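Protein chains: 2
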Amino acid sequence: MGVIERRERERKAVRKKILDAARELFVAEGYDAVTMRRIAETIEYSPTAIYFHFKDKETLIRELCREDSVSLAKAFHVIAKEPDPLERLKKIATAYVDFGIKHPNSYRLMFMTQSKLNQDDLVHMGHGKLEEDGYAFLVATMSEAISKKLLREDLQDPDLVAQAFWAAGHGVVALHLAKHGDPWVDWRPLQDTATLITEAMINGLQRKDFQP
Amino acid sequence: MGVIERRERERKAVRKKILDAARELFVAEGYDAVTMRRIAETIEYSPTAIYFHFKDKETLIRELCREDSVSLAKAFHVIAKEPDPLERLKKIATAYVDFGIKHPNSYRLMFMTQSKLNQDDLVHMGHGKLEEDGYAFLVATMSEAISKKLLREDLQDPDLVAQAFWAAGHGVVALHLAKHGDPWVDWRPLQDTATLITEAMINGLQRKDFQP
DNA sequence: CTCATAAACTTAACACCGTTAAATAACTTT
DNA sequence: AAAGTTATTTAACGGTGTTAAGTTTATGAG
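Going down the list, the protein sequences come from chains A and B. Residues 1 to 212, numbered by our numbering, are exactly what the first sequence covers, in order. Residues 213 to 424, numbered by our numbering, are exactly what the second sequence covers, in order.
Check before you lean on any hint, since a few could be wrong.
To be verified - With a straight-line Cα cutoff of 30 Å, these simulated DSSO-like cross-link-like pairs (lysine-lysine) come out:
no.	chain 1	residue 1	chain 2	residue 2
1	A	LYS17	A	LYS129
2	B	LYS302	A	LYS91
3	B	LYS303	A	LYS90
Derived from the structure by calculation, the hints contain no laboratory data. Since this is a predicted model, take the numbers as computed values, not measurements.
Between the sequences and the hints, there should be enough to build the whole structure, so can you do that?
Here you go:
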């Protein structure tokens, strides 16, 4: 039946219409500031129409977030080809920071808000969320760096080192997204800070003659 | 008149009563999850009574936050006596992380949410908020480290280095507060990560023979 | 062709939130 | 005792996400 396909296509079109309108508003004003009513208004639907296509506001936002995070996944996919683990680390950090700047709302949602760990999530686990893949990629890179003896001899725990490295990258982005407006700090360009912290970390982690 | 003093004392007592109840609820459930109505309920007042003592919910929360942040200020005050700048940096990082763990809600409010930069804040500026003092302390320490030639020769901008170092510390805390519940990361003890990132940063920043 | 059925939507409404306006009780001052 | 200030309550407003119930519209069956 061609009619059932047409319906599905129309439903998808409306879905996209909602997502596009929501995206534009969210990007401009942030997730919390935009109401369901305003999204409905811009597409000239009633507020409740959205709930036919999306379970609730969070689901809608997660969908946008998912779309955004594809760019990070793609970047990581390219970076995976880099043979040198330390060089790969630098590129990972760069891509990660870029993602945070390009998609601040999604970044905030993914990395700056505590995800409610309800039972549903625990059930649906193992599906390979993008954050999970990204972290696994970082750990794998760190593992390779360790096995190739590129890091200090006392650093044998890939998870520990990966978490420290992640924290460094996250710190730059998170601080920027949250506090860059504050005038009591003479902020340096984000790229400069990101480059410095990445270099300093790799430098500090790979050094051989470490003194406590 | 002794009566006016008594009134003031009673008013302060009610104020404290509200703050104590609010603190307990907030600590247990987070700032957003606790409503004004519930705070009022626990002290057996009507919800609107709170508004006689505090302008609004945010003011109340800021007051709690201010109280919390005193502990960080005190810690920094003690640390200021440490003569070695690099050692001071380590202690600053430790105190900062400790603060984040001890007062997660206040930390989130102070460092993980964008402060609305309205005109009022710009007017009331220069009052020396605690965050401001803390950052100034960090920059001063970094400045001293630079002038004592403890850092790499190419690092001459105290603000840049301070921001990178701050980002490192912030990254550890922020990641912990936001994502520690996520089960797809095999989290290492926060203290281990904090120690590693601090050492790695100082190590990476102070090294002389830096290769790009 | 008519009628039932399902999908896509709208209208009305609920429960909750922070907050304000108006009424009220309690206590001082005159 | 009257007037007035202070602290509190009751009632209500405007806003939010969301659900329930009704309404249109197009399709499929007899």
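Now for the hints, and whether the structure bears them out:
With a C-alpha separation of about 25 Å, the suggested pair A:LYS17 and A:LYS129 falls inside the 30 Å cut-off, and the hint holds. Restraint check for B:LYS302 and A:LYS91: the C-alpha separation of about 28 Å stays at or below 30 Å, so the hint holds. A hinted pair counts as satisfied when its Cα atoms are at most 30 Å apart, and B:LYS303 with A:LYS90 qualifies at roughly 28 Å.
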